[in-house]
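Colleague: In order, the protein sequences belong to chains D and G. In this text, residue positions in the first sequence follow the numbering used here: the first is 1, and each later residue adds one. In this text, residue positions in the second sequence follow the numbering used here: the first is 1, and each later residue adds one.
Treat the hints as calculated values from the structure; they're not laboratory data. There's no promise every hint is true.
Cross-link-like lysine to aspartate or glutamate pairs, in silico, EDC-like; alpha carbons within 20 Å at most [what the hints assert, rightly or not]:
| # | chain 1 | residue 1 | chain 2 | residue 2 |
| --- | --- | --- | --- | --- |
| 1 | G | K11 | G | E185 |
| 2 | G | K41 | D | D25 |
| 3 | G | K37 | D | E24 |
| 4 | D | K3 | D | E24 |
| 5 | G | K41 | D | E24 |
| 6 | G | K34 | D | D59 |
| 7 | D | K3 | D | D59 |
None of these values were measured; they are calculated from a predicted model.
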Amino acid sequence: MTKWVRACARDDVEAEDLIRFDHEDRTFAIYQSPEGAFFCTDGFCSHEQVHLAGGLVMDHIVECPGHNGQFDYRTGEAVRSPACVRPNTYPVRIDGEDVLIAVDFERPG
Amino acid sequence: MDRRDYSLLGKDGQRAIETGLAGANWYATDIPRKTMKGLMKRSDGPAIRDTLIWLAALFGFAGVATALWPSWWSAPFWLAYGLLYGSSTDSRWHECGHGTAFKTRWMNDAVYQFACFMIMRNPVTWKYGHARHHTDTTIVGRDPQILSRRPPNLYKMLANLVGLVDVPLAFKSMIQLASGHLTDEERDYVPEAEWLAAIRVARIWLAIYAATVVLAVWMWSILPLMVIGLPRMYGAWHMTITGILQHAALADNVIDHRLNSRTILMNPISRFIYWNMNYHIEHHMFTMVPYHKLPVLHECIKHDLPAPNASTWQAIREAVPVLFRQLKDPEHFLVRSLPSTARPYLWSGREVAADAAE
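Here chain G stands alone, though its shape is the one from the complex (with noise of 0.2 Å):
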């Protein structure tokens, strides 16, 4: 079997298309139009109290710790600050992308934007990615946005526990929009209408981080820093577990969320920080059902889906020994058992029945 070639502009991709992988009909659980508008219904309520939360709580350990600064008692703070920076920010930019979390507009769109410059995800490029992300989940060589690759880097992942990789990566991308180019992979998803606008937010994003080292160096101290840009690296670590988490291990080239997206139950504190992300097969199969309704669906399909794991440590032990044998077996996936009362897994435009594939 050949290498994958997860390049957008590559063999993989070419044939996903020639395929009919690329831009398939997925298999989706049935729900009664009635059940389902309800679930879609938009609200701004669980938002702006999350949300409310959210800033209250940021600007609150960023004060606190700064005020501490230098001594070690500023720590947990920076630490919690972190936590809220740099891993809380993904599913904010994630939810808001999706435009679901607010009934109102305006507050999706600045929660969108403030939420993308903490992640140091470009708000144009990252939203069409993430586009694509939904038609093609996990099919090689047409998501852009796959984080388990096979064979997998291991490596990888544990520096992006403190986003070694993808800040670096995200400088790099930031200077190379602000001087006017998109990659080619970019201008394959991006329509070219929207080139402008990623230029200029790059553009934007890299005079206040060249404003924030000015002040830094002016001051003489990291503190600016600490609260700009460097939380995004120390508080990383919560978003890339599940981050990685929401496919990792499964099936990839397939055109059932079942079989390549995970759900975990998780703690309270999480859910909020992952806004329910981690109902990540009903988010992939029903995406316009906000982040406040995804337990209710869940109910409604879990019929449907394979068991969700009990909790995130359980799903790591789960995934972690399926990404070693890939290391040398790179075919090797997990394949859950569905429910009796579950329709068969559809792999690839045909049905089969799930213990055929072990």
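Chain D with its partners taken away, still in its complex shape (with noise of 0.2 Å):
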């Protein structure tokens, strides 16, 4: 059974932007899209350990605020270097005002 976290309220993250999240001894990175839509991704990025909660976003991309490597937040894609490898993603599920996200989820694959 899916464990869902309340990760922060909907109005802590700006549109277009991200926040740190962390839970237990680890670290996320919850995202609302241009759009509206809330994401969530590993804190850490892929490639070193920089949190990308002080990276941009820029429509659906976040760039680290380390070495400028991108993702897609929606997928984890990683789509500039020096960022190779997918962080891994996590659903996210709105309950109210509140944002959850599925902390355990293990993507098959």
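Take the two lone chains and join them into the complex the hints point to.
Modeller: Right, here's the structure in full:
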């Protein structure tokens, strides 16, 4: 059974922006797209241990503040080097004003 | 104290990993997220304007110089062309490598490839090397792009004013890559998936240089090489000076860019050539801020930084005596005082007042 965890309130994340969310010993990045949809990825860049929360969201791309690697935060796809590896993405659900993420989700394959 | 080992696979690099200096969390001045988002925001306008001016000047100077060749009247035009070819490409390579100069990706990529060719830096290996430079800035044994080592090699610095060391090394690297081999150090910081791309570019470049040499022989004139290749030497002086001043005479093995990087106030022409990289502490602290926003960033955080050098000449006068002293005492370095509004320096995970290091 999926374990949903409250990450933040909807208002905590501006449109076309992200925030950091720490849960137990893990860290995540929560995004709101320009269209108002919410997404979640691993917090750290897959290139090096730099948190994406300090990065820049442009449309559906997040740029890492460390070395400017870029990912599509909807799928995790790495779209600009030096980032080459896809970070994990996690299902997001909206419950009233709360943003919930499935922290134990493991994508098949 | 042991002599510093700058090889990426040596003892200093291993020590940096063991002590946590490698990949550390670096000091950054607090900036409200809203302000930071404004500073990071991308646009094409400033870089398109600057690139059009740059290309017009580049081709214009080359055209006039070629037209006046072999008269000595062509000399000032070659010098201007060389400055753009051998020095301004350093900043274009750099900014477009970060992907911050333009908002539009293909524009960044196009200028990046063009500038990389002129500055003779493989666009793949140098990109990853520069990423390491930002992760581990002047961490000995980790940063592959330390220009001012300790003790410094002053002859090498002088020779590189006309590329006498860097250009032969660039061709050595180009030939090595074209033959399908990366050095052990390149294999350390370039992902394997990118090796073929690095090799392919090196082969294309070698073919271009070979064609240029063949044309020069066929014409029995040095003119083709004055346009392609040689300006990387006769125009390198500005890049060499500004590049060395970025970190020379300052601390190494620290995790605070205020300690190991230098911001210099420069004249508008140098800032155009250098694309505002004179704001070097600011660039290292916040790599996502485009070059055209660095003066604004400087105003935002100057309360937390050592005072900038007032000019390039003043920075040279500050650094050169320290470099000479480092010939005998490699442990010596410069610590600039911080304003009273600044947070203390972060040396290696602990905060120490600036005067405690002197």
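Colleague: Which constraints among the numbered hints does this structure fail? Numbers only, ascending.
Modeller: 2, 3, 5 and 7
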